[in-house]
Structure formats: C-alpha cells, structure tokens
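K.L.:
Protein sequence lines, in the order shown, are assigned to chains A and B. For what it's worth, our numbering labels the leading residue of the first sequence as 5, then goes sequentially. For what it's worth, our numbering labels the leading residue of the second sequence as 1014, then goes sequentially.
Derived by calculation from the structure, the hints in this document are not laboratory data. Accuracy of the hints is not assured; some may be wrong.
[Unchecked claim] Listed next, with one range per pair, are the computed distances between beta-carbon atoms:
hint, chain 1, residue 1, chain 2, residue 2, range
1, A, Thr124, B, Glu1109, 54 to 62 angstroms
2, B, Phe1036, A, Asp24, 30 to 38 angstroms
3, A, Asp161, B, Arg1152, 50 to 58 angstroms
4, B, Leu1132, A, Gly179, 49 to 57 angstroms
5, B, Ser1047, A, Ala193, 25 to 33 angstroms
6, B, Trp1040, A, Gln168, 17 to 25 angstroms
7, B, Thr1105, A, Asn156, 41 to 49 angstroms
8, A, Asp32, B, Ile1134, 23 to 31 angstroms
[To be verified] Covered, in the sense of this in silico footprint (three residues per stretch, anywhere, with C-beta under 8 angstroms from a C-beta of chain A), are these stretches of chain B:
hint, region
9, 1024-1035
10, 1050-1061
11, 1112-1124
12, 1131-1143
All residues carry an ideal CB built from backbone N, CA and C; glycine is no exception.
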Amino acid sequence: MDPEFHIGDSAELYAAGALDERERAEIDAHVAECRDCLRRLGEAEETILTLERVSVTEPPDRTASVVPLQRRSVASWWLAVATAAAFIVGFVIPHGAPRSNVATLAMIGSHFSHAQFAGTGPAAKVIYARDRSWYYVIVAGSGRYDVYGIRNGRALDLGATQPQGATSELFKRIGKPFDRLELRNRGAALETAAIR
Amino acid sequence: MRTAALRVLRDADAARECVQDVFLHLWRSGSAYSAQRGSLEAFLVVCARNRALTRVRGESRARETARRTDAPEDYTMEEDPIERERVQRALTRLTEGQADVVRLAYYRGMTLAEVAADLGIPIGTVKGRLSAALRALRRELTVEGADGP
C-alpha cells in the first residue's frame, strides 16, 4: 500500500455508486489496511443508507423551465402529512389545542400505500391502508369532487372531498378492496387511481 | 438491500438476483466489512446498490431508459414521513451544482463521464461536487438528527 495514498473524496463517490468495479477494488484494498479511510468510507455509506431509507423525490432540475407538477405536489403533500403527524405525536406544539385528524391517526396506526390519480382533473393522490380498511383522498385546490370506489366494474359512491385550506380531502373508513378510485365532477369521471 | 437494488433495477426478480449475487460475492471474496467501518446495514445497502448499478450500466442505455420511464410512481410507504421530509429538506439545501450531480449520478445512476457530458463540465468537477454534496447531506442530517425531538 502506498502510505501517501488515501481515498479522500473517493469515499463519497464509492458510496454513491459513481465508481466502476476496478476503482472500487482499489478502495477495498486500501481500506483493508487503513483504519481512517475505512471509517470515512463507513460514514459515507451511512449517508447513503439514510437516503435509501426513504422514497424522496430527487432534487429538482433547476435548469429546467418546467418543474413536473406531480413531483412538486407529492413533496408538498408529504410536508402537509408530516406536519399533521407532528401535531398528533406532539413534535410540534401549535398555538392552541392540537387538532384531531383521523386520517393521520389511521396512517400512524397501520401500514399504507399511495397512488397518484391520472386524468384531466387537478393533481390528486390517494393514501390507503394495505388491508384496504380506509382510503384518504387528497386533491390540490379547494374544489369539491365526488369519489367513487370501483370493483369489478361496479362503482360505489364514497362521498365528496371537503376543502381543507389548500387541498380538498376525503377520509373514508370502508373495508372494501377496490380496483381503482375515480374522481368525478357532476357525474363526469375526471381521473383515476389504480389500487394495487 | 432488496429495496436499494429494486430502486435501481426496477425489477423484483432482478433485484432478488442482485442481492444473491452480493452475498455470493462477499462469501467468495471474503467480506470487506469490519466493525470499524460502521453500520453493517449501510455496508450491505451500498454493496447492493453498486452491484445493481454495475448491472444496469452493462445493459443498453435505451433499455435502461425505457424501464426507468415506465417505473411506477407509487412506492410502498412503510417509512417514517417525518424522516422522509427531513431528507427532502436536506436535499433542497444543496447548491444548484451539487443538486445537479446528485440528481444525475445518484438518483439516475449515471456514470461520472455521463454526468460530465450531460452538464458540460469536467469530470473532476463532477467528482468534487458529488463528494461535497454527500458531505453536506451528512452534516445537515447529523445536525438535524441531533437537534430533533
């Protein structure tokens, strides 16, 4: 081993997957004998583990003239959801009493998935329990939309979303495994989200 | 490990094979892990991710692009939404140059040469920005974690 050689910035490049196999082999050989570089590589790997533990959207392309609406909306919704969760579990002390939020409590209490609505309507998302015991529909904007659950071609009216500030929302506790959810306006289907 | 590989490969069977390859490789070559390195989980996740990236870089770029474009938008959400927001916020604090290389090299799995060509900057600059970005993320996340509830 060259005593003057240390991995330096290559620790982060290794952990990020930016090195080829030959370059990684050189790093592996070095850290096998250099405790300081081994520790630095371990720290870089910890950072990657933190990134891998959550499904964040990638950093925005600031050179692009248009930021994709869906991705931007997902981030802002999750900020709202995280904030609501923070109120419930007491991480943030609001002015006045904490508000009750059945959707947030349902999310804390069970495993859930989410799906994006696609169609001609506003940006919208459904968060739903893995066991399909509840569905939480969030639509961008303050419009009211009828939500239908579709199963084997049959539609069931779940109710209408209600404006909640910058979003319009519906939380429905119903133990039915729908194939998809539809957002409708005056009977016309606007967009659909597949439930998987 | 499987999730890390799946995010790169976008294919459940390929991700499973990738994880098996990693364990087989570590078994045959003798593990490069020791306690001084840090978290075993972090080591294995980086191994899986590197193996997956090697695999997709070996495929034709067209096939890879098609698969990434077709990737589903929804992920299974067993993760902590507060942790997710913490990481998202740390990413937004990167400089524009750092965010560009993280987006292309980390999230899209491009090689350093591909990132350099895409951004029209020297490969040495790409290396420097990517390395600085990860160190900045580590500082942000460590400080936030220490100050958090």
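K.L.:
For every hint, state whether the structure bears it out.
P.N.:
For each hint, the structure was consulted:
Our hint of 54 to 62 angstroms for A:Thr124 and B:Glu1109 is violated, since their Cβ atoms are close to 34 angstroms apart. In this structure, B:Phe1036 and A:Asp24 break the distance hint of 30 to 38 angstroms, their C-beta atoms being roughly 21 angstroms apart. For A:Asp161 and B:Arg1152, the hinted distance range of 50 to 58 angstroms is satisfied, since their beta carbons lie about 51 angstroms from each other. A hinted range of 49 to 57 angstroms for the beta carbons of B:Leu1132 and A:Gly179 is consistent with their spacing of about 51 angstroms.
Between B:Ser1047 and A:Ala193 the beta carbons are some 59 angstroms apart, a value that contradicts the proposed interval 25 to 33 angstroms. Checked against the hint of 17 to 25 angstroms, the C-beta distance between B:Trp1040 and A:Gln168 comes to roughly 53 angstroms, which is inconsistent with it. B:Thr1105 and A:Asn156 have their C-beta atoms about 43 angstroms apart, which keeps the hinted 41 to 49 angstroms range intact. The hint said 23 to 31 angstroms for the Cβ distance between A:Asp32 and B:Ile1134, and at roughly 28 angstroms that hint holds.
Given as covered by chain A, the region 1024-1035 of chain B fails the check, having 0 residues with a CB less than 8 angstroms from a CB of that chain where 3 are the minimum. Counting residues of the region 1050-1061 of chain B whose C-beta lies closer than 8 angstroms to any C-beta of chain A gives 8; at least three are required, and the coverage claim holds. Closer than 8 angstroms: that is the beta-carbon criterion, and the region 1112-1124 of chain B has 10 residues meeting it against chain A, so the requirement of 3 holds. With a threshold of 8 angstroms between beta carbons, the proposed coverage of the region 1131-1143 of chain B by chain A holds, since 3 of its residues qualify and at least three are required.
Consistency note: the structure conflicts with the earlier hints numbered 1, 2, 5, 6 and 9.
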